[in-house]
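A.B. asks: Using our numbering, read the sequence shown as starting at 275 and increasing by one per residue.
Treat the hints as calculated values from the structure; they're not laboratory data. Even glycine gets a Cβ: it sits at the ideal position worked out from N, Cα and C. You may find that some hints are simply not true.
Claimed, not checked - When the alpha-carbon atoms are kept at most 20 Å apart in a straight line, the in silico PhoX-like pairs for lysine-lysine are as follows:
id, residue 1, residue 2
1, K491, K462
2, K491, K457
3, K490, K521
4, K457, K490
5, K462, K490
Said to hold, decoys possible - Derived DEER-like restraints, expressed as beta-carbon distance ranges:
id, residue 1, residue 2, range
6, A518, G363, 45 to 55 Å
7, E360, L508, 33 to 43 Å
8, P442, S384, 14 to 24 Å
9, E360, E399, 21 to 31 Å
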Amino acid sequence: MTGTSAQHGADGRRFGHGPELAETSPSGLDSPQKAWPEKQKGPVLLRRDQVEASTTDQRLLDTTGPTDWLHTDPWRVWRITSEFVEGFGALAELPAAVSVFGSARTPVDSADYASGVAIGRALAEAGYAVITGGGPGAMEAANRGASEAGGLSVGLGIELPFEQGLNPYVDLGLNFRYFFVRKTMFVKYAQGFVVLPGGLGTLDELFEALTLVQTKKVTRFPVILFGSAYWSGLVDWLRDTLVAEGKASPADLELFQVTDEIDDVLKILAESRRPNGEL
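Using the sequences provided together with the hints, build the complete structure.
C.D. replies: Encoded structure:
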């Protein structure tokens, strides 16, 4: 026995304060069971082969120990938490901001890039900080317009094998490992979304925003699709297929607006603002 004393149960079995069981089996038969090692690790109980030979403090302080723990799920939880903390801390004091989305593949000499620069400039002149994914293309364009207009240009990058990092027009930049942390920052600190022509990543952000508003997970905020020629096919499909077949409500088509005019963007954003600055 490993305890300082032994106690007797109602049926006469002896129990100690250690890993050994009673001298009889749970069935009451007089066949002694083999003792097993047991260890309490915080709220976790470990027995038999799960018992570790070292302590948590020992592994923390042993600089020559293995580093596999860096890639375990419990450690990832802390890394995820740290990304939320860093993001909240860096962005908490932003002025009213607008998230601008669009393709990383938008050429610098294209009309879409020029629209991005103009939108970023107009938002900055209207007093908004401009938040983008921090990459090239349409994201760079919006950051560029905001920066050149003297506004606050924010880039929220993501760790990807094929991304080039934050563009040079970002004044305040954060790089994230996890998409869902980054998406939280886009929504939490933006008064609205302006969506330029883009690909799968842009569509991902667009439909996540629409779903959050539709399901009332967030207070409604404006989602503006800029460029009717690009977005008209998607809007037609949503109306003529999704809504027509009962997969969505006609009211869901009112969750976004389509425009080709920057003045309309500013008007929609201004009308969505409440007196206290909240959506």
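A.B. asks: Look at each hint and say if it fits the structure.
C.D. replies: Now for the hints, and whether the structure bears them out:
1. As the CA atoms of K491 and K462 are separated by approximately 12 Å, the hinted pair is consistent with the 20 Å bound.
2. Annotation: proposed proximity of K491 to K457 holds, straight-line Cα distance about 14 Å (limit 20 Å).
3. Restraint check for K490 and K521: satisfied, since their Cα atoms lie roughly 18 Å apart, inside the 20 Å limit.
4. Of the pairs offered as hints, the one joining K457 and K490 holds, with about 17 Å between alpha carbons and a cut-off of 20 Å not exceeded.
5. Restraint check: the Cα-Cα separation between K462 and K490 comes to about 14 Å, which is no more than 20 Å; the hinted pair holds.
6. Distance hint check for A518 and G363: the Cβ-Cβ separation is about 46 Å, which falls inside the suggested range of 45 to 55 Å.
7. Checked against the given bound of 33 to 43 Å, the beta carbons of E360 and L508, roughly 34 Å apart, stay inside it.
8. In this structure the supplied range 14 to 24 Å holds for P442 paired with S384, their Cβ-Cβ distance being about 19 Å.
9. The hint said 21 to 31 Å for the Cβ distance between E360 and E399, and at roughly 30 Å that hint holds.
In summary, the structure agrees with every hint in the numbered list given earlier.
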